[in-house]
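Chemist: With the hints in hand, could you dock these two chains into one complex?
Taken in sequence, the protein lines are chains Z and G. Note that this note's numbering gives residue 206 to position 206 of the first sequence, counting from 1, and the numbers run on in steps of one. Note that this note's numbering gives residue 359 to position 35 of the second sequence, counting from 1, and the numbers run on in steps of one.
The set of hints was computed from the structure by calculation and includes no laboratory data. Glycine is no exception: its CB is placed at the ideal position from the N, C-alpha and C atoms. Some hints could be false.
[What the hints assert, rightly or not] Some chain G residues close to chain Z (C-beta under 7 Å, calculated; not the full set): (1) Y360; (2) A364; (3) A441; (4) T447; (5) F448; (6) I452; (7) A453; (8) A456; (9) L534; (10) F541; (11) T587.
[To be verified] Residues from chain Z that face chain G, not an exhaustive set, calculated with beta carbons under 8 Å: (12) L145; (13) I157; (14) I304.
Spelled out from the first residue to the last, the chains are:
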Amino acid sequence: METRPLTAYIARRLAGAIPLLLLISLISYGLMGLAPGGPTAILSQQARSLTPAARHAYEVALGLDKPWYVQYFYWLKELIVHGSLGNSFVDQRPVLARIAEKLPITVELLSLALLLTLVIAIPIGIRAAVKRDSFFDNASTAIALIGYGVPVFWLGILLIDVFAMHLRWLPGSGINSVGREGDPLDLLRHLILPAFTLAIVSVAGWLRYQRASMLDVLDEPYVQTARSKGLPERVVLYRHALRNALLPMITLLGLQLPGLVGGAYFVEYIFSIPGMGYLGINSIFQRDYPTVMGITMLSALMVILGNLLADVLYGAADPRIRYD
Amino acid sequence: MRFAQRYFRRPASLLGVAIVSLIAAVAILGPMVVPYSPIAISHVLLGAPQPPSLAHPLGTDILGRDELARAMVGARISLTVGIAAMIIAIVVGTLYGAIAGAAGGVADAVLMRIVDALLSFPTFFLVIAVEALTNKFALGIIILVIGLLSWMGVARLVRAEVLSLRERAFVAAAQALGASPERVLLRHLIPNSLAPVIVAASFAVGDNILTEAGLSFLGLGVQIPTPSWGNMLQDALLPAVRSAWWLVATPGVLIVLTLFGFTLIGDGLSYALGSSSTRR
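Same shape as in the complex, but just chain G (with noise of 0.2 Å):
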């Protein structure tokens, strides 16, 4: 397949997507294998954070949970949120947009006047709305709240692809053969108005990653028992365990790992699809 061949051409995007799938693999499997509880608090270690050995790979934390199994844990949070949200996001962005950019005039402009107005709610309204939303750890409802304050970026480049495929020729041929309003849109300009958006997917799982991490860090994300990334890192500054190196480097380098991975993949692909979209 020439896309595929063009994808893997460059080294940088076989490295992104070996990332990933390793964070991936460790998501998936690793909960099954390593043989510690991420929630069970070891009475033995209490208090006394472990550094890394044979043992404890990664180290135990202030409460004497081995790190390695909180941070897979926390891998398989970071992409389910990741990922759940960006699926919203396209989802939710790319019939907008289309619908905006194949409905034109007036309706255009109020739909994309939308847009602008909910690009501007700053980045507090966010914090808001998921502490206002999450009482209990409700996976769901962050993954909501992170997709549909995420969506409009996807709206304005899907409206902008649809805006210039609506004049070629094969959408006035559909037209002319008697397809539905509707048909166009699903079968003709939305398909063919992807390229950008799964660039845009891959560079949002990462964003999506990240914002997860540090609503969980303000303690307003993922709440304890149950581990991420970012309230991990949060566990790691408590005064009592302030010098246990290995509790802020482990989730702060898995952070990093994984964005990268998505960034790279993001970037190969755009490349791969000759589209124009990078990231900002």
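Chain Z extracted, bound-state conformation (with noise of 0.2 Å):
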């Protein structure tokens, strides 16, 4: 594969991104103007004693006097004249400065949900499909449709209840014991039940696009080839059918990214890890709309380059695939 061909095809994937991230900043924005009450309202019960001329003042301050559409132009030109989200409206940080302080906690607890659906759904799926029929893979096919049916955050409550509440092996909330802020090993364990609850929804996911791929693979005329070369069954299953098997895996990865992040949301609500997910749920219960904006922004990035990395993964892995 040629280094220029693919830096293009990036570099036009992401130009095309620009019109479609601006299409979902705009009707965001529109929404958002449509919730009931609004910012000052919810201000207004906190404190009770805005009298009505300081509440307009407050709405002159935040810009919010104005209509929703000129809002949004404010805040465009803010984004690409300074780069800037804007303030929150709850304790006036920069957007961007209050979603970085929550976005590591995210990618941890998505990698490592990640690492271990991979872990648990690709030898199963594997096994399913090289003992296709057997009681394995009927076994592993029904527990996959049922779990495609337990909601995230049911699975944690349940997880909560019986590994934190009543077995007590595990923390199931926050991110730190007291005293032990910052180590890392005190944090493992505390990312160990949600990472659990996020894997086990999508196990069954990936375990059956897994056992699909492989039987795919297993009819194609190169695995009879080395079969009839007399090569061991080991080595057929995993030195020629495996690599095939894994490649649409990657695509998978990509595909898979909007609902990892989607579940996060529940997971983080529920687990209370201080990270993107709960802010973004408490941001719209605050009607902090810069930083609703803000994460809305930063989870469509987040889709459309998955889509992007598991067109540029797959091509890298299979040098069939041709960028034009």
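Modeler: This is the structure we're talking about:
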């Protein structure tokens, strides 16, 4: 694979993402303008003492006295000219800084969850395909079919009840024990239950996909050739078949990213993990429009980059793929 | 009928129909049979949730309301949202995909780019949309938002089918006989591309139920006091009732069971129709 077409391809895809991000931001902004109450209604509920005049002054200060499309224009101008997503309504700090400090924990949680998913799903999927129609295959399919319907928030509650509250093996909320802030082992202990929650729900999809992909490959002529050469079955399966069966999984990686991020909102909410998802949900409740917009844009960017990454990695793994 | 035979040959498909029929029967008939209100607060049991008993087979919640009565109304909400949003997504997706596939060329390219764009909308967007549009209990809005944000997959399926059908002889024959483009689309292309759509519809009901439960769990979907499986689970997290396991178990088991039913039906339909579309 030559480098130049790939660079051009990535550049073209990224350029194509700009109108898309603009569209998403415009619609999101317009929708928020429709929300009942608005930021100052929430603020005055908290303050109780805000006079109509004070409230109006506050709205003027935040630019909320203007129609939503004027606000949107200012928001966009600020983003393009200064690269800024504005300041939070809640604590007046820059949105970018607020998100940046929450992002690492979410990335750590998602990475751990993804790792667990792959470690569980890929071997089971392959074994199910190799031992097609065996008890193992049928049992794993049945479990996967049930697994699709397990709500991530319910599973999180169950794991907290069993492993944190009843057995007391692992912590069920937060990211640090008191006095152990910044201790990576303590952080890992806190992330085990939330990561398993996310992993268990995504295993079903990965497992079925891996099984189907392996079954496809096992029918290929080159697998038959390998067998007819007299190669041991182990070599046929793991050197010839498995490598090709893993290829489509790379695509799944990019496509599953939005679902994983979506699950993180629930898991962070249930396990009180101060990450991006937790911030996002709270910002919606607090009507903190700038922060909500920041998180929307970042989520959209992650979905777009996930899809691009899937396509690029797929091409890197399979030299037959051409970018044009 | 050959299709029914093929479908019911698999025990799993039969099980799917049995589960969904059971949930549907409970949703439709249950609230008429149970002697408790799903909403009225019992001052006798207020603040002291009761474990399952003969009088209350699934126990009572923090406000002394019968959990079974609430779960039954929750089943109504879940099935209504799941099926109604599915219908919206199927109608919009089928028409959109068929038009794109039949039109071809630039129109097709533009229409499918819009689908790509909508598929990039993050999950978070759905949450914002629902929060913005539902201030009071407005089931119709929830249905509309879920339906209008989930038709893109169907559009892709139908377009792919139409693209291949377009080249078939019976379509050329219809055109040669003077059928208008609308007639070709509605009478020939769409009916013949429905097999994968039917399968997708079954999975979509389950997905929609899960989405509604998630939104309601966050307090953004179905608003209290109307019970939904999602907001019942949220109620179960109140510190005062955190040890009442039946409040966690009931809505969760019902969601899993219902989704399992629809997944089995979708799988069975996929097999019986010989369609290649399966659960993602």
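Chemist: Hint by hint, say whether it matches the structure.
Modeler: Cross-check of the supplied hints:
no.: 1; hint: Y360; in the structure: violated (24 Å)
no.: 2; hint: A364; in the structure: violated (27 Å)
no.: 3; hint: A441; in the structure: holds (5 Å)
no.: 4; hint: T447; in the structure: holds (3 Å)
no.: 5; hint: F448; in the structure: holds (5 Å)
no.: 6; hint: I452; in the structure: holds (6 Å)
no.: 7; hint: A453; in the structure: holds (5 Å)
no.: 8; hint: A456; in the structure: holds (4 Å)
no.: 9; hint: L534; in the structure: holds (6 Å)
no.: 10; hint: F541; in the structure: holds (5 Å)
no.: 11; hint: T587; in the structure: holds (5 Å)
no.: 12; hint: L145; in the structure: holds (5 Å)
no.: 13; hint: I157; in the structure: holds (6 Å)
no.: 14; hint: I304; in the structure: holds (5 Å)
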